[in-house]
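*Asks:* With the hints as a guide, bring both chains together as one complex.
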Amino acid sequence: MIIPVSYYLVLSGILFGLGVVAFIFKRNVIAVFMSIELMLNAVNLAFVAFSRAHQQLDGMVFVFFVIVVAAAEAAVGLAIVIMMAQNRESLNVERVNLLKL
Amino acid sequence: MMGPLIVFFACAVLAVAGAILLILAREPIHSALSLILVMVALAILYLLLGAEFISAVQIIVYAGAVMVLFVFVIMLLNFGVEERTDFSKLAKYVGVPLGFFLLIEVARWLYESRIGSVVASGAGTVTVAASTRDLSAELFRQYLFNFEATSILILVAILGALVLARKSQ
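Chains A and B, in that order, give the protein sequences. Take 1 as the starting number for the first sequence in the numbering used here and just add one per residue. Take 1001 as the starting number for the second sequence in the numbering used here and just add one per residue.
The shape of chain B in the complex, shown without the other chains (with noise of 0.2 Å):
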């Protein structure tokens, strides 16, 4: 009975790794891959979760379409190992304790508030109302206006790329 538990700890503890290995990184090529192992289990605790199809969306979209192209452009450029300067006085002194302000924050919500004793049903609790039949209804029914603007939001982003990446004459 303790194999979800199990599950949810392997990949916590997989992806806050694969988190702190993108920080660690000198070389822009081990954090994407570090990046890659973050997704890879974030997918598999949406599997946990019981949202199979954006698990698979996850690896196939994520992990697939866009690293593969982060990675390409790494590959590249190949710029290698990122210099340390430090021009910015500013993030040093003000943005550690942002961070761990927002850090503090969440946690004092998360443990204030009602949520955290509702439990989410995972994987073999699946009640039927996150198939992805019913998704796509949901998708093509309410969301239908955002689905085709996002469409346009992608032509827009397309075109963009084109422009940008085009040389300059």
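Chain A extracted, bound-state conformation (with noise of 0.2 Å):
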């Protein structure tokens, strides 16, 4: 039994849109980085389908550079969430609407 790549697709789209849902209704700061990681999660799904699909190694390869760009960002994003918490005693994106306190 083969499974046909627009399932893959399908799965894709629902997981991205559902990622852009909770980065829209999200309200701590973690919690939407987690959704910036979920929209790259169905993303890559998307790149290994088309890449099978096409029998190419390029799709796979640019999976490789999105989990290091993932990687930094999940880094350089949790040292902000650190400093946010240390300054502002609070996770809340509404509350943080300023860029210097």
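Since the hints were derived computationally from the structure, they do not count as laboratory data. Treat each hint with caution, since some may be false.
Stretches of chain A that chain B covers, calculated by requiring three or more beta carbons in the stretch to come under 8 Å of a beta carbon on chain B [to be verified]:
id : region
1  : 4-18
2  : 21-30
3  : 37-51
4  : 79-88
To give an idea of the chain B side of the interface with chain A (calculated C-beta under 10 Å), a few residues [as the list claims (entries may be wrong)]:
id : residue
5  : Phe1008
6  : Ala1012
7  : Val1038
8  : Leu1049
9  : Gly1050
10 : Tyr1062
11 : Phe1072
12 : Ile1074
13 : Leu1102
14 : Val1106
15 : Phe1147
16 : Leu1153
17 : Gly1160
So the derived label-pair ranges between C-beta atoms look like this [unchecked claim]:
id : chain 1 : residue 1 : chain 2 : residue 2 : range
18 : B       : Asn1146   : A       : Ser90     : 35 to 41 Å
19 : B       : Ala1056   : A       : Arg88     : 38 to 44 Å
20 : B       : Ile1158   : A       : Gln86     : 16 to 22 Å
21 : B       : Ile1158   : A       : Gln56     : 46 to 52 Å
22 : A       : Ile2      : B       : Arg1026   : 23 to 29 Å
Note that the coordinates shown come from a computational prediction; the quantities given were computed from them, not determined experimentally. In this text, a Cβ means the ideal position worked out from N, Cα and C, and glycines have one as well.
*Replies:* Below is the structure:
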């Protein structure tokens, strides 16, 4: 039984949409970061599915770059979160509306 | 013969359920754990697609390193349940229609394009073209410059994290 690539793409689209919804609705800044990770994962799934569909490796190589960028983003972003928590005593994105305190 | 299809739908349901749990969870730690669920389900889907190395990297780097960093920061800060505030009307009245528009556009594109009829070769019909050896050959020949550039990116990220998280004097 062979699975059509469109199944993977539909799943990827659903996950990306849920990531967008989470990005808009979550109020905790760490949860907002996690929804970005969810969107990156959805894109990775689409990359691998396309890579298999076209029998080319470029998509899989791009998945590595996406993972590297996601790791770097998580490191810098969580450092910003720690600084935000130290300076403002809140992780709510709606209470953090000034660049400088 | 239905095996791969059953595995696909099980993992797809698991991933979507994890994503919905991420949205509904009140505690950030519950969101993090459901995101780990999504990542493990996606790793199994990569195995199904015949991308073994990416599956391993997904488990080790994403579900391992990145999510441990998230859980570590959540436990370190320990702010508890996220409060419901409603300052931004923009999110509700602009964000939701835009999100649905995006989904509809993606669905329409998938429906109209020819890619839907192309079959992704699953596990069992794997060609040698996606072996780890070929992947590394591609990465270190055609994409060597990009590879080196990402190492600089990681270096800058380390420096940035150190500078940001340092106690300000």
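*Asks:* Just pull the numbers of the violated hints for me, sorted ascending.
*Replies:* Those not satisfied are hints 21 and 22.
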